[in-house]
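**Q** The chain contents come next:
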Amino acid sequence: MSPVAQTVIVVLLVAGAALYVARKVWLSVARARRERNAAGCGADGCCK
Amino acid sequence: MGAASDAARATGSIAVPPAPRAPASPLRVALVGNPNTGKSTLFNALTGMRQRVGNFAGVTVERVEGSYTGADGRRVSVLDLPGAYSLDPHTPDEAIALDLLAGRADVPVPDVVVIVADALHLERNLYLVSQLIELGLPAVVALNQIDAATKRGLQVDVVELIHELGVTVVPTVATKGEGIDRLRQAIARAPDLPVPSRRMPVPRVAEQALRPVEQALVDDGVPPAAAGLEALLHLTAPGTDHGPAVHAAVVAARSQLLDAGLNPESLEAELRYGWITGVMHRTVKDPDGQEHTTSDRVDRLLLHKVWGMLIFLALMGIVFQAVFFWAAPMQEAVESALGWAGTQVGSAMGEGDLQSLIVDGVIAGVGGVLVFLPQIAILFLFIGVLEDSGYMARAAFLMDRYMRTVGLHGRSFIPLVSGFACAVPAIMATRTIERPRDRLATIMVVPLMSCSARLPVYTLLIGAFVPAMHIGGFLDLHGLVLLGMYLLGTVSALVVAFFFRRTLLRGQTQPLILELPPYRIPSPRALATTVFHRSSLFVRRAGTVILALSIVIWALATYPRSDVPDGIPDEAVQEMQLANSFLGRAGHAIAPAVAPLGFDWKIGVSIVSSFAAREVFVSAMGTIYGVGGSEDGAGLPEKLRAERNPETGAPVYTLATAIGLMVFYVFALMCMSTVAISIREAGGGWTGVRWAAVQFGYMLALAYLGAWLVRIGAGAFGWA
Amino acid sequence: MLRRLFSRPTAAPAGPCLNTASSAVAEACLESCALMACTTGRRAVVVNVGCDGAEACRLRAMGIYEGARVSVVDSRNGLLLQVRGARLAIGAAVAAAITVIPLPN
Chain A
1 MSPVAQTVIV
11 VLLVAGAALY
21 VARKVWLSVA
31 RARRERNAAG
41 CGADGCCK
Chain B
1001 MGAASDAARA
1011 TGSIAVPPAP
1021 RAPASPLRVA
1031 LVGNPNTGKS
1041 TLFNALTGMR
1051 QRVGNFAGVT
1061 VERVEGSYTG
1071 ADGRRVSVLD
1081 LPGAYSLDPH
1091 TPDEAIALDL
1101 LAGRADVPVP
1111 DVVVIVADAL
1121 HLERNLYLVS
1131 QLIELGLPAV
1141 VALNQIDAAT
1151 KRGLQVDVVE
1161 LIHELGVTVV
1171 PTVATKGEGI
1181 DRLRQAIARA
1191 PDLPVPSRRM
1201 PVPRVAEQAL
1211 RPVEQALVDD
1221 GVPPAAAGLE
1231 ALLHLTAPGT
1241 DHGPAVHAAV
1251 VAARSQLLDA
1261 GLNPESLEAE
1271 LRYGWITGVM
1281 HRTVKDPDGQ
1291 EHTTSDRVDR
1301 LLLHKVWGML
1311 IFLALMGIVF
1321 QAVFFWAAPM
1331 QEAVESALGW
1341 AGTQVGSAMG
1351 EGDLQSLIVD
1361 GVIAGVGGVL
1371 VFLPQIAILF
1381 LFIGVLEDSG
1391 YMARAAFLMD
1401 RYMRTVGLHG
1411 RSFIPLVSGF
1421 ACAVPAIMAT
1431 RTIERPRDRL
1441 ATIMVVPLMS
1451 CSARLPVYTL
1461 LIGAFVPAMH
1471 IGGFLDLHGL
1481 VLLGMYLLGT
1491 VSALVVAFFF
1501 RRTLLRGQTQ
1511 PLILELPPYR
1521 IPSPRALATT
1531 VFHRSSLFVR
1541 RAGTVILALS
1551 IVIWALATYP
1561 RSDVPDGIPD
1571 EAVQEMQLAN
1581 SFLGRAGHAI
1591 APAVAPLGFD
1601 WKIGVSIVSS
1611 FAAREVFVSA
1621 MGTIYGVGGS
1631 EDGAGLPEKL
1641 RAERNPETGA
1651 PVYTLATAIG
1661 LMVFYVFALM
1671 CMSTVAISIR
1681 EAGGGWTGVR
1691 WAAVQFGYML
1701 ALAYLGAWLV
1711 RIGAGAFGWA
Chain C
2001 MLRRLFSRPT
2011 AAPAGPCLNT
2021 ASSAVAEACL
2031 ESCALMACTT
2041 GRRAVVVNVG
2051 CDGAEACRLR
2061 AMGIYEGARV
2071 SVVDSRNGLL
2081 LQVRGARLAI
2091 GAAVAAAITV
2101 IPLPN
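Protein chains in written order, with the numbering used here: chain A, 1 to 48; chain B, 1001 to 1720; chain C, 2001 to 2105.
Please keep in mind that the hints were generated in silico from the structure rather than gathered at the bench.
Be aware that a few hints might be false.
[Stated by the list, open to error] Below, simulated SDA-like cross-link-like pairs (lysine to any residue); rule was C-alpha separation at most 25 Å, straight line:
# : chain 1 : residue 1 : chain 2 : residue 2
1 : A       : 24        : B       : 1373
2 : B       : 1285      : C       : 2031
3 : A       : 24        : B       : 1544
[Said to hold, decoys possible] What the simulated footprint calls covered on chain B by chain A, stretch by stretch (three residues with Cβ under 8 Å from a Cβ of chain A suffice, anywhere in the stretch; the number is not a length):
# : region
4 : 1551-1561
5 : 1579-1588
Just so you know, even glycine gets a beta-carbon here, dropped at the ideal spot from N, CA and C.
Between the sequences and the hints, there should be enough to build the whole structure, so can you do that?
**A** Right under this line is the structure:
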C-alpha cells in the first residue's frame, strides 16, 4: 500500500472515531435535556 | 406477510388451522404479575432473545418489549410491565401499570393482558388478578411454576379456577418452556372471548357509597370499565391526581362507609381476600399444609444473626475469588489470541502509520478491555445465581438493620450489590425505592461500589505488582487485595451515605416490607440469557465507544510527528515522539497535579482519558506503552514493571503506586455513562445536573485524598 | 366472622410507623399488642395497620389487613411472617405499628 493511501485511511479512521465520540457525548447531553422536559421533574428530585 | 406466515406454519410444531384473516397490525400484549413469579423468565420464553429495553416516557421505570410471530402468522408484541403486588397508584411502578391498562399512558391500551400468577403463592397472587380482571380487558392467566406446586403437594383445579375467574388459565413452567405454546394459543384467542368483569361480591351499602365516586371518576376522564376498580383504590387514600369533585366524592363515601361500620382503609383488601379465600377453598387442595417448608428450615440458618452474616460474607468472598481465578485461564486464552492477531497483522501489513494504528491502537486498546470479558461474565453469573435462587432477598432482609444505621433502606442493598457489576443498571435499580430522599442517597453512593469496569484496572495492577503469595485456605494475596478494594468501596459507600443522610438528605428512611421467595435452583437457561445479554452489551461497548476512543488516543499519542536526531536507539526515538505528541504535552501539563500522588505523566494521561469509562485506563495504558514501548511483544504488566523514571532510573511503578492508583479508581467517578444516568435518575435537568456534579466532585476529592494518603502512609512505613 | 368483628377501626394505639415497641409485653399480651411483641411461632389476627399511606396500601395488598391472620415464622431480626401462604419480611418499625390480637397456640 502506498504511503499516501495509508495516510488517507488513517486520517479517515481517526476523524471517524473522533466524530463518533463527539456524537456520543452530544447525544447523552441532548437526552438528559429531552427527558427533563418530558418528565416534569420537581425541585426535590422527584419525577412524577 | 404471506411468506412470513407460511414460514411460521412450516416450522411451527403445533397444528393450527390457517387463520381465517391475517390482520396487519400486531397484537399488543402486556405481561403483568407479582415479583418473583417467573414473569421475566416467561417473557423470555415467549419472545426469545429479541428484546428492547427502554423507559416509559417521562418516568424512570424500565420498559422491556419483545415480540414473536403467532401460529396464525400475526405478530404479537409483548410489553413486560414492572412487577407489582397491586395496582396501587401510590407507588411509581404500580401506577405505571394502572395508567397503561386504564388507557392513560401515551401507549395504546393492550389487546390482551397476560397475568402471571405463581401457583405456589396463588392466594396472594389472586389479589392482583382480581384487580386486573375488573379492568374489562381480554385477559389470560399464566399459572406459572405449576411443577413446583405439584411437587409441594398442591393440587390446583384449573377448570374450576377458570370458572371462578372468568378468564382462560394456562398452567406453565416458564423455566422449562412448558405450556408456552398453549399460552400463545390462549393469547391469540383471548380478544374473541367475552371480557372478564368483577367477580367478588360487594356489600350493598359499599356499592351505594361508591357509586358517586365512580361517576365522578368517569366525569374526570377515567374509562368506565376501570372506574369500579379505581373508586376502590382511591378509597384507601384520597389521591390528589384527580379533580376536586373526585376528592369530595371520596370523602363523602368514606364517612358513609364509616357510618355503616366498615373500614374504608381496609375495605378493598377485606373484600378481595374474602372472595379469594372462597376461591382457594374451591380450587386448591393442600393436603400437607404449608406450615414449615424446606425454605423455612434453610432460613433458620441463613437468617441467623451470627451464622447468617458469616455465611453472607463467605459467599461474597467466594464470588470475588472466583471472579479472579476462574477467569484466569480464559483470560490467558483471549490474551494469547490477541497477541497472535497483533503479530499476524503487524507482519502482513508492513511498517507504517496504518499498521501502528491497527496494532498499537485498535488491538492493544480494544483487546486490553476484551480480556476482561470472562470476569464480567462470571460476576454476572454469580449475581444471577444469587438473585434467581432467592438468596438476594434474604441478603436484603439481613442487611436492612445495617443499612438502616447509615440511613439507607433494605432495598438499597440490591442496587448497591448490583453496583458491583455496573453502576448504570444499579442506579436504575434504585427505582424500587419509593422515597426520593432514600433513592437519592442510594444513587449518590452506588458508584462507590467497585463496578466491573474497575476490575480491569485492579487486575492489571494486582497482577503486575502484588506478589502471588498463598495465605491459606482458598485465599491468596491477589484475591485478598482485590477483596480489600471492594471492601474499601463498600465501607466508604456506607459512610458517605451516613453523611448525606445527616446533611443534604435529612429525613426518615422508609420501613422495610419485602417478600422472601422460596429457595429454588436457578434455571441454567435463564442464567445463560442474563449472562449473554450482559456480556454482549460489554462487547458492543468495546466494539464501539472503546474502539473509537482507542483510535483517538492512538492519534493523540502519535501526532504531531517530531524530528528526532539520527543515531539514537529505537526505544528512545519512540519515547521522545510520545513526549512530543498531543497526549504527551497534555500529560506533562497535568503532571504537577498528580505528582503528589506519585503518578507520572503517562498515568495522568491515562486517568484523563479514562473519564469516558474506567476500562479505558487500561486500553490507554496499552496504547501508550504499545506506542512508546519495545516491540518485543511483552505484555502490558511486564512493560509496566520494566518502566523506569528517565531521570532517576527508579521504577515508576512500585507497590505503593499501584495501590494508590487502585484506591484512586475505587473512589473516582470516571464513567460518562454513570454521570449521564445520575443526571437522569436524580431528577433530570438542572436538578439532576446539580446532584451529578455533587457526586462527581465528592468522589474525585475522595479519590485524590485516598491516593495521597496511601502515598504518605507508604512513605511513613518506608516502602514507597 | 372475625373480619366483620374488626372491620371498624379499633381504639388500639395507632402509633406512627417509626416508633419501636417495648418488647416487655411479649407473653403477657392477651388483649391487643404490637406485632413486634410476638415471638416465633405465634399466630395472631391483625386489628389495626397503623402505617401511613403507601406502606399501609402495600401491606394490605400483600395480605396484612384488618382481620387477616398472620403467623410469625422468625422473630430474630425484624419479623418474618407467613401471610397467605407467602413469606413476608418486615422491619421492626413496621411491625411495631401493626396491632394484633394473639391467638392461642
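**Q** State for each hint whether it applies.
**A** Each hint, compared with the structure:
no., hint, verdict
1, 24(A) with 1373(B), "23 Å, holds"
2, 1285(B) with 2031(C), "34 Å, violated"
3, 24(A) with 1544(B), "10 Å, holds"
4, 1551-1561, "holds (count 4)"
5, 1579-1588, "violated (count 0)"
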